[in-house]
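Keeping their order, the protein sequence lines are chains A and B. The first sequence begins at 11 in my numbering and counts up one residue at a time. The second sequence begins at 1257 in my numbering and counts up one residue at a time.
These are computed hints drawn from the structure, not numbers from a lab. Mixed in with the good hints there might be a few duds.
Stated by the list, open to error - Residues on chain B that point at chain A, a partial pick, calculated with CB under 8 Å:
#1 1306
#2 1416
#3 1446
#4 1452
#5 1453
#6 1475
#7 1501
#8 1512
#9 1513
#10 1516
#11 1517
Bear in mind that the values here come from a model prediction, so they are computed numbers and not experimental data. Glycine included, C-beta positions come from ideal geometry on N, C-alpha and C.
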Amino acid sequence: MTTQPLLSVRDLSVEFLTRQGSVNAVDRVSFELHAGETLALVGESGSGKSACALALMGLTTLPGRVAGGSVVFDGQDLLTLPERALEDIRGRRIAMVFQDPMSALNPLLTIGTQIDEVLERHTALDAAARRARIIGLLEQVGIPKPAERLGRLPHEFSGGQRQRILIAMALACDPQILIADEPTTALDVTIQAQILELLAELKARLKLAVLLVTHDLGVVAQVADRVAVMYAGRLVEVGDADALFEQPAHPYTAGLLRATPRLSDNQPRMTAIDGVPPDPRVRRSYCDFAPRCPGADAACAARPPLQSLSPGRLAACVRPFAPVWKELA
Amino acid sequence: MTAPLLQVEDLRVHYPVRSAGWFSRPMTARAVDGVSLELARGETLGLVGESGSGKTTLGRAVLRRTPLTSGSIRFQGKDISTAGTAQLRELRRHMQLVFQDPTTSLNPRHTVFDAIAEPLIVHGWSAGRRALEARVAQLITQVGLPADTAKRYPHAFSGGQRQRVGIARALAIQPELIVADEPVSALDVSVRAQIINLFQDLQQELGLSFLLIAHDLAVVRHISHRIAIMYAGQIVETGRRDDVYDRPLHPYTRGLLAAVPEPERHRDGRRTFPVALGEPPSPMSPPSGCRYHPRCPLAVERCRQEAPPLMAMAGEHKVACWFPGAAPISS
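If we strip away everything but chain A, and leave its shape as in the complex, we get (with noise of 0.2 Å):
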């Protein structure tokens, strides 16, 4: 990739203050995002990976804190920026949408007047403008009717609906990135296919850098270019999304893919990865994953830096590729 990034993470680190200290939830992470792409931020809870996604848009809250870092986006460090530039791009030019689309909506506002309250704060058009552009955007997310539905309150749509109104306001003034942090984790099965399917042709016809905050890598499978895994606050592998799930180079990534259920499976047992995810307030020298990957050894006693393993490659193991997971019978 020799284009200039959209965005640039550089040593991102995000800490926690607690009674005991501070705790790192995100530890010196480094990513890039180019336009047009969808690159996914993988981990399972506590992995840091929402805190990282917080803290690119600046909304990180106590006890959290940015400790260090820098997130360059059209030549601006976006940590250095003052809250009032920073309002400017979020929202307009770097968008997002959460998981659940209930609390992210004001209940006693019509949503026609929420994605209202966003065009009016960030561009110069009138009222018959902005309510056309309002009616196109709803039509764009797949809400039915949507010049008759404009008075309508969050609680008259269903789940599956909020998130496409979300999806809405989040395009509304043509943004450059959208961050999606879980977005079809609260939603049904069916419900979840028909979003990722709008998120995908959305990014396509808008030409959107989309970075996904998920757990579930059946759906980075189903919409990621590029995937970055997280596991106790480090990157620990980014790839192409092909080439990571054919050959997974981090033995929590292959792990991981291993214990993730199929509906072909029917094996008697299910495969897990033993053990549980470390201690955030336990400082260790070690490789975080070394106490439940079964391929560690006296080497994994220094943690292993994330190091390039081929062009757009990277993983922290000392071994990588190394088959630590035993086949199944």
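Once you have looked at the hints, place chain B on chain A.
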């Protein structure tokens, strides 16, 4: 096969719902609307449906935790649909519930010992404190938790470990039936498999029957012997696991299976059946005829008029569709 442990016949659970406005006509939500099912000893029935399908209400109704509108439930051959308070108390010895969210189902001020001992005490433990401690310790080991767990509080545990505590609590009084409502959907993928394997081990060891309520089709396949697919308050397809998964006949089942995102199915057009369109109906006003017809790629006039009954196909496979297994009308 001997008499089933659980036998549900034509069960209905309807709720009155107040719509907005003080003087508006009260409406009825038909959460469960004519469901029949059976569960044998030592068997797992996977009850699959999306939100609003009535699967959770059905699970609660089986345990008599929600009032029934009509129909019957027989447990060990006895009709329990009209059981009174005293009978219900006795019944709860035999049937237990495992919840989705292990965080909210445990009291944060109670130690793990208290949480597991509570059902034993409620059901009249009389063998003394030392035996109680021994029994709790045994349960803790059985669900794969470290022995020092008893003295600790729920917040000290991860989600998977808390779910193990919830399972130990449900097992304490040696029930025959466990209704598990989305027991792993709040857990991370790497931990989910551990809990599913635990369910299977416990079933083998103790001969338990499970009614597993879930929306995750891949997980359900792993653990179930038989499957029931629920849509808008009714069972639309049921049968042995491999029959339902490998030869699904109802267009809803087929659309549901097609919608599951899997790591191997890279963004391609290899779907053999279209994903279900639109959204499920409101339980207050289910569509006429077949309740799936507004979303169905096979629907014709007959489907709008006449509701198909659950019809027997090969073996135990049953389906409620006028055109089971038909190819979708090309658009």
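Hint by hint, here is what the structure shows:
no., hint, result
1, 1306, "holds (4 Å)"
2, 1416, "holds (7 Å)"
3, 1446, "holds (4 Å)"
4, 1452, "holds (5 Å)"
5, 1453, "holds (6 Å)"
6, 1475, "holds (5 Å)"
7, 1501, "holds (7 Å)"
8, 1512, "holds (6 Å)"
9, 1513, "holds (6 Å)"
10, 1516, "holds (6 Å)"
11, 1517, "holds (3 Å)"
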